[in-house]
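Student: In case you want the letters, here they are:
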Amino acid sequence: MKIMKSLLLVAALGLIGSATLQAQLKLNGAGATFPYVIYSKWFDVYHTKTTIEFNYQSIGSGGGIKQVIEGTVDFGATDGPMTSEQMKDAETKQGTEVLHIPTVMGAVVVTYNVPEIGAGLKLTPAVLASIFLGEITKWNDSKIVALNSGKSLPDQPIVVAHRSDGSGTSFIFTDYLTKVSKDWETKVGKGTSVNWPVGLGGKGNEGVTGLVKQAPGAIGYVELAYAVKNNLPYAWMKNKSGAFVEPTLESVTSAAAGAAKNFPEDLRVSITDADGKNSYPISGFTWLLVYKRMKDKGKGAAMVKFLKWAMTDGQSYAKDLLYAPLPKEVVKRCEAKIKDMKY
Amino acid sequence: MSETSFVPSWQYYRRKFVGATMLALCYLSAVIAIVPLVLIFFYTIDRGVSYLNLDFFIQMPKPVGETGGGMANAIVGTLVLVATGSAIGLPIGILTGIYLAEFGNNKFAYFVRFMTDVLSGVPSIVAGVVAYGLVVVPMKHFSALAGGVAMAILMIPTVTRTTEEMIRLVPHSYREAALALGIPQWKTTMQIVVRTAFRGIITGILLSIARIAGETAPLLFTALGNRFWSTSLNQPIGSLTVFIYDYAKAPFEDWNNQAWTAALVLIILMSGLSLAVRAVTRSKYVQR
Numbered sequence: 001m002k003i004m005k006s007l008l009l010v011a012a013l014g015l016i017g018s019a020t021l022q023a024q025l026k027l028n029g030a031g032a033t034f035p036y037v038i039y040s041k042w043f044d045v046y047h048t049k050t051t052i053e054f055n056y057q058s059i060g061s062g063g064g065i066k067q068v069i070e071g072t073v074d075f076g077a078t079d080g081p082m083t084s085e086q087m088k089d090a091e092t093k094q095g096t097e098v099l100h101i102p103t104v105m106g107a108v109v110v111t112y113n114v115p116e117i118g119a120g121l122k123l124t125p126a127v128l129a130s131i132f133l134g135e136i137t138k139w140n141d142s143k144i145v146a147l148n149s150g151k152s153l154p155d156q157p158i159v160v161a162h163r164s165d166g167s168g169t170s171f172i173f174t175d176y177l178t179k180v181s182k183d184w185e186t187k188v189g190k191g192t193s194v195n196w197p198v199g200l201g202g203k204g205n206e207g208v209t210g211l212v213k214q215a216p217g218a219i220g221y222v223e224l225a226y227a228v229k230n231n232l233p234y235a236w237m238k239n240k241s242g243a244f245v246e247p248t249l250e251s252v253t254s255a256a257a258g259a260a261k262n263f264p265e266d267l268r269v270s271i272t273d274a275d276g277k278n279s280y281p282i283s284g285f286t287w288l289l290v291y292k293r294m295k296d297k298g299k300g301a302a303m304v305k306f307l308k309w310a311m312t313d314g315q316s317y318a319k320d321l322l323y324a325p326l327p328k329e330v331v332k333r334c335e336a337k338i339k340d341m342k343y
Numbered sequence: 001m002s003e004t005s006f007v008p009s010w011q012y013y014r015r016k017f018v019g020a021t022m023l024a025l026c027y028l029s030a031v032i033a034i035v036p037l038v039l040i041f042f043y044t045i046d047r048g049v050s051y052l053n054l055d056f057f058i059q060m061p062k063p064v065g066e067t068g069g070g071m072a073n074a075i076v077g078t079l080v081l082v083a084t085g086s087a088i089g090l091p092i093g094i095l096t097g098i099y100l101a102e103f104g105n106n107k108f109a110y111f112v113r114f115m116t117d118v119l120s121g122v123p124s125i126v127a128g129v130v131a132y133g134l135v136v137v138p139m140k141h142f143s144a145l146a147g148g149v150a151m152a153i154l155m156i157p158t159v160t161r162t163t164e165e166m167i168r169l170v171p172h173s174y175r176e177a178a179l180a181l182g183i184p185q186w187k188t189t190m191q192i193v194v195r196t197a198f199r200g201i202i203t204g205i206l207l208s209i210a211r212i213a214g215e216t217a218p219l220l221f222t223a224l225g226n227r228f229w230s231t232s233l234n235q236p237i238g239s240l241t242v243f244i245y246d247y248a249k250a251p252f253e254d255w256n257n258q259a260w261t262a263a264l265v266l267i268i269l270m271s272g273l274s275l276a277v278r279a280v281t282r283s284k285y286v287q288r
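So the protein sequences, as listed, match chains A and B. Under this note's numbering, the first residue of the first sequence is numbered 1, with each subsequent residue one higher. Under this note's numbering, the first residue of the second sequence is numbered 1, with each subsequent residue one higher.
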């Protein structure tokens, strides 16, 4: 009983304490896991700067979209853009349009566990698609050998690892394969979770990372940060202009710049297989989902102010946390979009 | 075969052998059963203890790239959530238990008992989804209150069933004696029966608290989580379990280490509660 009493006391004290601090402006958001690290950094820095609290929780892209439609959050976040039906659904339920504001970019890298190869395995889109379709099953397949002269490729079966949960990472990866391979488009297609023809499933980036680390001969796809932090090697991909490009923050930013010309008005854009000599082809944006018109005046003003900050000062935090900052052309488009917001 | 002297046959040795083997298997299984617990405990201590310091209890979480910081908000958040869940779940659970034990000889009580058993088998994530639908969607925002409701749903079956069992253990002669002295039924129930079963009921309460304090799934879509200091029931709130969930899968070593420390703190809180349960049950037998 004593424990109960002390618990209740703590709660009661807490309630009194919070009542006095209630005046502070608080915005709640939820969504994608991929940008959680930079968002928590941004919101912390912004909190010390302005005392406004942006509480962001990573519940997954799908969850973020759902919460924005239901109106249980002040903002959402996603790695794969909302579909047109979802946008319509949100508009009828919330009485205002949902805007996609790109914040940073990331790369999905193809990582592998074959010590003999070392870093920098070279792959073409066709070979990558064949591996994930289960058509190429050995590391010393002639198609892989042809691309990697000088590297020793062992006579070892390929173990494919993919995500088992719905994820923005899978969306970017399958979106890319759909663009570059007719076979993939007809047999599997794109989506946050697809019907994988072969391979083992792991939950989350950390799950796939674990699978690749443990299984000799494994190949999988993870976000760049997970490969770098776990010292996993990653493949150089052949891009649209025929060059093999290493996934780096620069080559991702270059991909966005390459795609910037053809941006649709609503900024829901895929930058996989982008133009540009230095563009890494499996790149993607992550978006904040905000309401065009916020019901609460104070919150609306805070949101607009924060977004402007994120587009300028906020971008400087990206590189240290292994996210690619937005290229100037994209920032301009975003700033124009933010001006549309009303409160 | 002679009848007077016992000549061991091969069956005898076989029986001996089977007996010894089975006994060894039992011992082995017993050891295997406690190995995970010991491993979890020592591994968590090993990984978590290096970040365990005063700061962890009084500081706020720091963003990635800055070392140090703590989880004061998450520790308080877990306590607020448990308190809210208890405030909702315990009265309902205890009163239902009293009803079932004292007045539960009818079809409705049978139905309630059956439903409570079903409820105790409901996965915790489902409780979270129910609280999401009941509280979050109508209120239009995530809140500690919604987390408390989810936890209350998980508490109710445990508390109800232990309360009922404990009250059933009270001998009938106590009730008859009280009623014979002219004490009204409600007084008999409250002051004789419940008081006699009190220690047992407390055990049930502590068990149910231990059950919910380690839950992550029902909080993800209700209390959501919060990196800032918040104790308001009306706002999202942080908790140790959700912090562990987020930090453990991040690609940053500093956060992974803090997740271990948070796990250690949670285990210490839970073990403390378990020990409290043991202390309460033991003193019960000493007194009798």
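Mixed in with the good hints, there may be bad ones.
Unchecked claim - Simulated crosslink set (DSSO-like; lysine-lysine; CA at most 30 Å straight-line): (1) B:K187 x A:K49; (2) A:K190 x B:K249; (3) B:K249 x A:K319; (4) A:K299 x B:K62; (5) A:K295 x A:K305.
If you're looking for bench data, these hints aren't it; they were derived computationally from the structure.
Student: Can you name, in rising order, the numbers of the hints this structure does not satisfy?
Tutor: 1
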